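Mapping of the sequence shown onto the numbering used here: position 30 corresponds to residue 103, and the numbering continues sequentially without gaps.
Think of the hints as simulated: they come from the structure by calculation, not from any bench. Bear in mind that the values here come from a model prediction, so they are computed numbers and not experimental data. Just to be clear, a hint being listed does not mean it is correct.
Subject to a maximum C-alpha distance of 25 Å in a straight line, what follows is the list of computed SDA-like cross-link-like pairs (lysine to any residue) [unchecked claim]: (1) LYS141 - TYR131; (2) LYS172 - ASP133; (3) LYS181 - LEU199; (4) LYS81 - HIS107; (5) LYS135 - GLY153; (6) LYS172 - ILE156; (7) LYS141 - LYS108; (8) LYS108 - ASN90; (9) LYS108 - TYR131; (10) LYS81 - GLU102.
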Amino acid sequence: MVKATINKEHYACSVSNGSHDIIVDEPLELGGTHKGFAPKGLLMASLASCVAITLRMYADRKAWPIDKIEVEVNIDTENGETIFFEEIVCTGILTEEQKIRLEEIAAKCPVSKILAAGHEIRSKVL
Numbered sequence: 074m075v076k077a078t079i080n081k082e083h084y085a086c087s088v089s090n091g092s093h094d095i096i097v098d099e100p101l102e103l104g105g106t107h108k109g110f111a112p113k114g115l116l117m118a119s120l121a122s123c124v125a126i127t128l129r130m131y132a133d134r135k136a137w138p139i140d141k142i143e144v145e146v147n148i149d150t151e152n153g154e155t156i157f158f159e160e161i162v163c164t165g166i167l168t169e170e171q172k173i174r175l176e177e178i179a180a181k182c183p184v185s186k187i188l189a190a191g192h193e194i195r196s197k198v199l
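Whole structure, please, built from the sequences with the hints as guidance.
Structural data, given as structure tokens:
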């Protein structure tokens, strides 16, 4: 469960999962106070961090010599469809086969699976 709360300050929003708190906001040019990630940026951060964690787990399990994993995510629209672009940099010595396998594993992280599938959102105002 995640709960977002916004008061009258544009558009700083407190988000909590009960254990951790963050601020989500809009940039100044959109009328926000720029106190935290914008919602779309937070979505990209969720994907990037999930991919990085998943790849770290896999590389550690395989004992592959990767010192650092960096995942950059950008989002764009092509032909009316939202596309997430991931650029993954692994610092270490990897074969081409290992790089291909890491690309396959990146697509299997939980957030990637959620974003790749169709979803229904049900809202109810109380």
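- Item | Hinted pair LYS81 and GLU102, Cα distance within 25 Å | holds, 18 Å
- Proposed proximity, GLY153 with LYS135 (alpha carbon, max 25 Å): With Cα atoms ~39 Å apart, LYS135 and GLY153 exceed 25 Å; violated.
- Query: Holds or violated: are the alpha carbons of LYS108 and ASN90 at most 25 Å from each other?
  - Reply: Satisfied, since the Cα-Cα distance of roughly 19 Å is no more than 25 Å.
- Given the hinted pair LYS181 and LEU199, is their alpha-carbon gap at most 25 Å? violated, 36 Å
- Query: Does the structure keep LYS141 and LYS108 at a Cα separation of 25 Å or less?
  - Reply: Cα-Cα ~28 Å, so violated.
- Is LYS108 within 25 Å of TYR131, Cα to Cα? violated, 34 Å
- Are the Cα atoms of LYS141 and TYR131 separated by 25 Å or less? holds, 13 Å
- Starting from LYS172, check that the Cα of ILE156 is at most 25 Å away, please. holds, 22 Å
- Task: Please work out if LYS172 and ASP133 have their alpha carbons no farther apart than 25 Å.
- Result: holds, 14 Å
- Message: Please verify whether LYS81 and HIS107 have alpha carbons no more than 25 Å apart.
- Response: Distance ~15 Å between LYS81 and HIS107 Cα, so the pair holds.
Of the numbered hints given earlier, the model fails hints 3, 5, 7, 9; all others are met.
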